[in-house]
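Colleague: Following the hints, complete the assembly by docking chain F onto the known chain H.
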Amino acid sequence: MGFLSGSASFVRFSVEGELPENALDFIADRVIAFSFRDIDDTFDEYSIGWVSVLNMFDSQFKYASYAAGDYITLTLRVDERKVSPAILKKFVAKEEERVKQEKQVPKLGRSLKVEIKERVRTELMRKAIPVPTTYELCWSLSDSTLTFFTTNKKAHTVLEDFFQESFNLMLRQQIPYVVGETLLNEEQAARLAMINPEVLV
Amino acid sequence: MDLVDLIAEKRFVGQEFLTWLWFKSEQRGGSVELPGVGDIIVVFEKHMLLEYGEGETNEKCICSGLQSELQEARTGLLMGKKLEQARIQLVQGDYEYNFTLSGALMEFRNVKLPKTAGTEQDDSNNPEEAEGMILERIFLFEELVRIVNELLRIFLETRTSEGWRDELDKIRQWIHGPSESTGA
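Chains H and F are the protein sequences, given in the same order.
According to our numbering, the residues represented by the first sequence are 1 to 201, in order.
According to our numbering, the residues represented by the second sequence are 1 to 184, in order.
There's no promise every hint is true.
[To be verified] List of simulated lysine-lysine pairs, DSS-like, C-alpha gap at most 27 Å:
hint	chain 1	residue 1	chain 2	residue 2
1	H	K107	H	K90
2	H	K94	H	K113
3	F	K170	F	K46
4	F	K112	H	K153
5	H	K113	H	K100
6	H	K82	H	K94
7	H	K113	H	K90
8	H	K90	H	K103
9	F	K60	H	K154
10	F	K60	H	K153
11	H	K154	F	K112
12	H	K153	F	K46
13	H	K62	H	K90
14	H	K100	H	K127
15	H	K127	H	K94
Keep in mind the hints are simulated off the structure, nothing from the lab.
One chain only, chain H, in its complex shape (with noise of 0.2 Å):
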């Protein structure tokens, strides 16, 4: 959060290999192609998609809104059904003392006791409610460089992989030293790559 109002967190990633000639029509179709489909009346477990940095319900982008000047902005949206493991195991208790009184044994089968968890998941996961996570990004085009606003490694991680597969880029992450290359000269970045850490007392 942050990129639209309060304080915000970010990081910056470069934006690798080459876009087509018809750069913004490309983007059009990915965008489309790659947007949020919702889950919440499917049984899917999982969602993944471009949504307006505007509104997380807009995954139509009318009128190409996702564009701003010469900028890309959207939000990645990820929905997820989850099942908290303490609700898991006293629904898996509850069913496995139910089948025993019911077969009229002391004790069930290592079997059957996996075939109860597995079937009373698919029933709690069914009736969970996707939780959505949101996290904004604004892509330069004119610089190949994409601010993306959190913090969080395992969303950095999840972006890599769907930036890819959305427009056939890679995303390399900003580290001071990366950074460092692009701004020094050829000879200064030969000198970089040999320094070593410095002892400063």
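Modeller: Using the frame of chain H, we list chain F on its own:
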């Protein structure tokens, strides 16, 4: 080199940069000269995280305090620690930014942008005004990154030049200086 290896092996570059920036800001009472721009204000405040060593010998020390002299952090420097994270106030012209910068991965955290008319209003209902607001915020974020990159460039140019030895002497004097002179 793989990025994962680079992150581990070149971790020190960002930490030395932050430590150097702290020195630079104190050298002239909070102003740092940006070539072609003039003086900007860089103040280290409230919160710092220092780090020493890698892997199992890694040691971290968090210091915070409003208006404090950050004596603990200074002692940390004396013990050979480097700055890994710091809360920084940066002022260029009319723009004032507050943000936490982490050295190793160059993460910008809790960035407070300068207050401007455009960013203060909620115009998200009108598409055209929304685009204007988005562009303004993008500009402010990019400006912050540009200034930080410019500071990084100055540091790396010195760090890779013959002049680094002199700069290093000054940094060492600064690290040893304040606590000795105040008799703490």
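Colleague: Within a Cα-Cα threshold of 27 Å, do H:K154 and F:K112 meet the stated pairing?
Modeller: holds (24 Å)
Colleague: Check whether the Cα positions of F:K170 and F:K46 lie no farther apart than 27 Å.
Modeller: With a Cα-Cα distance of about 24 Å, the restraint between F:K170 and F:K46 holds, given a limit of 27 Å.
Colleague: Please verify whether H:K107 and H:K90 have alpha carbons no more than 27 Å apart.
Modeller: holds (18 Å)
Colleague: Going straight from one Cα to the other, do F:K112 and H:K153 come out at no more than 27 Å?
Modeller: holds (22 Å)
Colleague: Would you check the hint for H:K113 and H:K90, treating anything up to 27 Å between C-alpha atoms as holding?
Modeller: This hinted pair holds, its Cα atoms lying about 14 Å apart.
Colleague: Are the Cα positions of H:K153 and F:K46 separated by 27 Å at most?
Modeller: holds (25 Å)
Colleague: Holds or violated: H:K62 with H:K90, Cα cutoff 27 Å?
Modeller: violated (46 Å)
Colleague: Checking one constraint from the list: CA of F:K60 to CA of H:K153, max 27 Å. Satisfied?
Modeller: Judged against 27 Å, a Cα distance of about 20 Å means the pair holds.
Colleague: Given the proposed pairing of H:K113 with H:K100, does the C-alpha separation stay at or below 27 Å?
Modeller: holds (11 Å)
Colleague: Under the criterion that the straight-line Cα-Cα distance not exceed 27 Å, is the pair H:K82, H:K94 satisfied?
Modeller: Judged against 27 Å, a Cα distance of about 20 Å means the pair holds.
Colleague: Is the Cα-Cα distance between H:K127 and H:K94 27 Å or less?
Modeller: holds (17 Å)
Colleague: Check whether the Cα positions of H:K94 and H:K113 lie no farther apart than 27 Å.
Modeller: Given pair H:K94, H:K113 holds - Cα atoms ~12 Å apart, limit 27 Å.
Checked against the numbered hints above, the structure violates only hint 13.
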